[in-house]
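Enquirer: Throw the hints in and build the complete structure from the sequences for me.
Spelled out, the chains give:
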Amino acid sequence: MSAAMAAHLSVVTAQSPSLSAARQSVIHLYRDFQRGVPEIMRTHQVDLPMSMIRTKIREEFERHRDVKDLAVIDILLFKGRQEYQETMNAWKQETHIMRYFIKDDAPPKPQGFLEKFLAGRD
Amino acid sequence: MSTSLLVKQAMRATPLMASFRPATTSAFRFNSTSTSVTETREPVALQAEIVSGAPEEVRMQPCRIFKQSKAATQSGITNTGVWRLDFDTQLQAGRFENELIGWASSADYMQALQMKFISKEDAIAFADKQGWEFTIQEPNQKIFKKKIYADNFKYSPKKLRFVKTK
Numbered sequence: 001m002s003a004a005m006a007a008h009l010s011v012v013t014a015q016s017p018s019l020s021a022a023r024q025s026v027i028h029l030y031r032d033f034q035r036g037v038p039e040i041m042r043t044h045q046v047d048l049p050m051s052m053i054r055t056k057i058r059e060e061f062e063r064h065r066d067v068k069d070l071a072v073i074d075i076l077l078f079k080g081r082q083e084y085q086e087t088m089n090a091w092k093q094e095t096h097i098m099r100y101f102i103k104d105d106a107p108p109k110p111q112g113f114l115e116k117f118l119a120g121r122d
Numbered sequence: 001m002s003t004s005l006l007v008k009q010a011m012r013a014t015p016l017m018a019s020f021r022p023a024t025t026s027a028f029r030f031n032s033t034s035t036s037v038t039e040t041r042e043p044v045a046l047q048a049e050i051v052s053g054a055p056e057e058v059r060m061q062p063c064r065i066f067k068q069s070k071a072a073t074q075s076g077i078t079n080t081g082v083w084r085l086d087f088d089t090q091l092q093a094g095r096f097e098n099e100l101i102g103w104a105s106s107a108d109y110m111q112a113l114q115m116k117f118i119s120k121e122d123a124i125a126f127a128d129k130q131g132w133e134f135t136i137q138e139p140n141q142k143i144f145k146k147k148i149y150a151d152n153f154k155y156s157p158k159k160l161r162f163v164k165t166k
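Sequences listed follow chains A and B, in order.
Mapping of the first sequence onto the UniProt record's numbering: residues 1 to 122, in sequence order.
Mapping of the second sequence onto the UniProt record's numbering: residues 1 to 166, in sequence order.
Treat the hints loosely; a few may be bogus.
[Unchecked claim] DSBU-like cross-link-like pairs, simulated, lysine-lysine; straight-line CA separation at most 35 Å:
{"#": "1", "chain 1": "B", "residue 1": "K70", "chain 2": "B", "residue 2": "K116"}
{"#": "2", "chain 1": "B", "residue 1": "K129", "chain 2": "A", "residue 2": "K56"}
{"#": "3", "chain 1": "B", "residue 1": "K120", "chain 2": "A", "residue 2": "K68"}
{"#": "4", "chain 1": "A", "residue 1": "K103", "chain 2": "B", "residue 2": "K129"}
{"#": "5", "chain 1": "B", "residue 1": "K147", "chain 2": "B", "residue 2": "K67"}
{"#": "6", "chain 1": "B", "residue 1": "K129", "chain 2": "A", "residue 2": "K79"}
{"#": "7", "chain 1": "B", "residue 1": "K158", "chain 2": "B", "residue 2": "K147"}
{"#": "8", "chain 1": "A", "residue 1": "K92", "chain 2": "B", "residue 2": "K129"}
{"#": "9", "chain 1": "B", "residue 1": "K120", "chain 2": "B", "residue 2": "K67"}
{"#": "10", "chain 1": "B", "residue 1": "K146", "chain 2": "B", "residue 2": "K158"}
{"#": "11", "chain 1": "B", "residue 1": "K142", "chain 2": "B", "residue 2": "K67"}
{"#": "12", "chain 1": "B", "residue 1": "K120", "chain 2": "A", "residue 2": "K79"}
{"#": "13", "chain 1": "B", "residue 1": "K67", "chain 2": "B", "residue 2": "K145"}
{"#": "14", "chain 1": "B", "residue 1": "K142", "chain 2": "B", "residue 2": "K120"}
{"#": "15", "chain 1": "A", "residue 1": "K68", "chain 2": "B", "residue 2": "K129"}
{"#": "16", "chain 1": "B", "residue 1": "K67", "chain 2": "B", "residue 2": "K146"}
{"#": "17", "chain 1": "B", "residue 1": "K70", "chain 2": "B", "residue 2": "K145"}
{"#": "18", "chain 1": "B", "residue 1": "K70", "chain 2": "B", "residue 2": "K147"}
{"#": "19", "chain 1": "B", "residue 1": "K142", "chain 2": "B", "residue 2": "K158"}
{"#": "20", "chain 1": "B", "residue 1": "K129", "chain 2": "A", "residue 2": "K109"}
{"#": "21", "chain 1": "A", "residue 1": "K79", "chain 2": "A", "residue 2": "K68"}
{"#": "22", "chain 1": "A", "residue 1": "K109", "chain 2": "A", "residue 2": "K56"}
{"#": "23", "chain 1": "B", "residue 1": "K145", "chain 2": "B", "residue 2": "K120"}
{"#": "24", "chain 1": "B", "residue 1": "K116", "chain 2": "A", "residue 2": "K79"}
{"#": "25", "chain 1": "A", "residue 1": "K109", "chain 2": "B", "residue 2": "K116"}
{"#": "26", "chain 1": "A", "residue 1": "K103", "chain 2": "B", "residue 2": "K116"}
{"#": "27", "chain 1": "B", "residue 1": "K146", "chain 2": "B", "residue 2": "K120"}
{"#": "28", "chain 1": "A", "residue 1": "K56", "chain 2": "A", "residue 2": "K103"}
{"#": "29", "chain 1": "A", "residue 1": "K56", "chain 2": "A", "residue 2": "K92"}
{"#": "30", "chain 1": "B", "residue 1": "K116", "chain 2": "A", "residue 2": "K68"}
{"#": "31", "chain 1": "A", "residue 1": "K103", "chain 2": "A", "residue 2": "K68"}
Hints listed in this document are in silico derivations from the structure and should not be mistaken for laboratory results.
Expert: Here is the structure:
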């Protein structure tokens, strides 16, 4: 039973033969993520609106838009698939989901001498 | 707004960035046995900066590749053979006092990192692969002059080293 659990939503890691094949894999992964957003919200009890999660997924994919190296794309695909499996199987918890949004909610860093002094920071 | 169109725009071909990374090792060995026309994979050094998971601010922090100099007070040279990679201390390193105990803490996550390499080229290849800004500090080569006691008494056309007068 645990072997079946571990295999659920797992994908055999393959070397993409071409950029277009890698592009197809990326698009499939993107679609899987976007299709799974309602389930993510239901499973992890995320309080954020759906649009915010969809935007965050888009943002994560856009970050590596300009990568052209096939080897790097394969590793990014593997990591993306890993994230998808862990999220959909509820191996991650809400805190891991919220970690993607931590930088958006972080309080502004103290600027100037006085603010840093009052915060006790260098 | 169709997401597929947007994603297609995202994947449209852009001019390849010139890669100045040395192709020392290949992360993947790819044997193409198919007869159809496929894009061949060039063995290039994997750009670890993209997949390492390190924050992007690390690329802005300068690091130093150097050899530790021998302590002048001692004659031991054990630590002088290995090349090290160390990050410079930031001016605003986010130092603060720990709230609970009062320890001197720092928000700089690279301050304690020191890596060791057998050769300078290994260190450069690693820093290059990670996308770090590095400077190389060449070690000071100690020039050792052999001194022979008999030279004090040898003939010299110039001024004598020791003037022996009684």
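Enquirer: It remains to establish, for every hint, whether it holds in the given structure.
Expert: Status of the hints after comparison with the structure:
At roughly 16 Å between alpha-carbon atoms, B:K70 and B:K116 fall within 35 Å of each other, so this suggested pair holds. A C-alpha spacing of about 28 Å is found between B:K129 and A:K56, which places the hinted pair at or below 35 Å, so the restraint holds. The suggested pairing of B:K120 with A:K68 holds, with an alpha-carbon distance near 29 Å, which does not exceed 35 Å. Distance hint between A:K103 and B:K129 is fulfilled; the C-alpha atoms sit about 26 Å from each other, no more than 35 Å.
Under the criterion of a C-alpha separation no larger than 35 Å, the hint pairing B:K147 with B:K67 is consistent with the structure, at around 28 Å. Between B:K129 and A:K79, the direct Cα distance comes to roughly 19 Å. Compliance with the 35 Å bound is thereby established for this hinted pair. Restraint check for B:K158 and B:K147: the C-alpha separation of about 18 Å stays at or below 35 Å, so the hint holds. In summary, the hint linking A:K92 to B:K129 is supported, as the alpha carbons are separated by about 30 Å, within the 35 Å threshold.
Restraint check for B:K120 and B:K67: the C-alpha separation of about 9 Å stays at or below 35 Å, so the hint holds. Between B:K146 and B:K158, the direct Cα distance comes to roughly 20 Å. Compliance with the 35 Å bound is thereby established for this hinted pair. Between B:K142 and B:K67 the CA atoms are separated by roughly 13 Å; this keeps the pair inside 35 Å, and the hint holds. Restraint check for B:K120 and A:K79: satisfied, since their Cα atoms lie roughly 32 Å apart, inside the 35 Å limit.
Annotation: proposed proximity of B:K67 to B:K145 holds, straight-line Cα distance about 22 Å (limit 35 Å). Distance restraint check for B:K142 and B:K120: the Cα-Cα separation of roughly 18 Å lies within the 35 Å cut-off, and the hinted pair is therefore satisfied. Note on A:K68 and B:K129: the hinted pairing holds, with a Cα-Cα distance of about 16 Å set against a maximum of 35 Å. About 25 Å separates the Cα atoms of B:K67 and B:K146, which keeps this hinted pair within 35 Å; it holds.
Taken as a hint, the B:K70 and B:K145 pair is honoured in the structure, with Cα atoms around 18 Å apart against an allowance of 35 Å. At roughly 22 Å between alpha-carbon atoms, B:K70 and B:K147 fall within 35 Å of each other, so this suggested pair holds. Note on B:K142 and B:K158: the hinted pairing holds, with a Cα-Cα distance of about 28 Å set against a maximum of 35 Å. For the proposed pair B:K129 and A:K109, the alpha carbon gap of about 31 Å is at most 35 Å, so the pair holds.
A threshold of 35 Å between alpha carbons decides the hint, and for A:K79 with A:K68 the separation of about 17 Å falls inside it, so the pair holds. About 23 Å separates the Cα atoms of A:K109 and A:K56, which keeps this hinted pair within 35 Å; it holds. With a C-alpha separation of about 27 Å, the suggested pair B:K145 and B:K120 falls inside the 35 Å cut-off, and the hint holds. For the hint pairing B:K116 with A:K79, the CA-to-CA distance comes to about 28 Å; that is within 35 Å, so the pair holds.
Between A:K109 and B:K116 the CA atoms are separated by roughly 34 Å; this keeps the pair inside 35 Å, and the hint holds. Distance hint between A:K103 and B:K116 is fulfilled; the C-alpha atoms sit about 33 Å from each other, no more than 35 Å. Restraint check for B:K146 and B:K120: the C-alpha separation of about 29 Å stays at or below 35 Å, so the hint holds. Restraint check: the Cα-Cα separation between A:K56 and A:K103 comes to about 12 Å, which is no more than 35 Å; the hinted pair holds.
Taking the CA atoms of A:K56 and A:K92, the gap is near 17 Å; set against the 35 Å cutoff, the hint holds. Our distance criterion of 35 Å between C-alpha atoms is met by B:K116 and A:K68, whose separation comes to about 31 Å. The hinted pair formed by A:K103 and A:K68 meets the criterion: a straight-line CA distance of about 27 Å does not exceed 35 Å.
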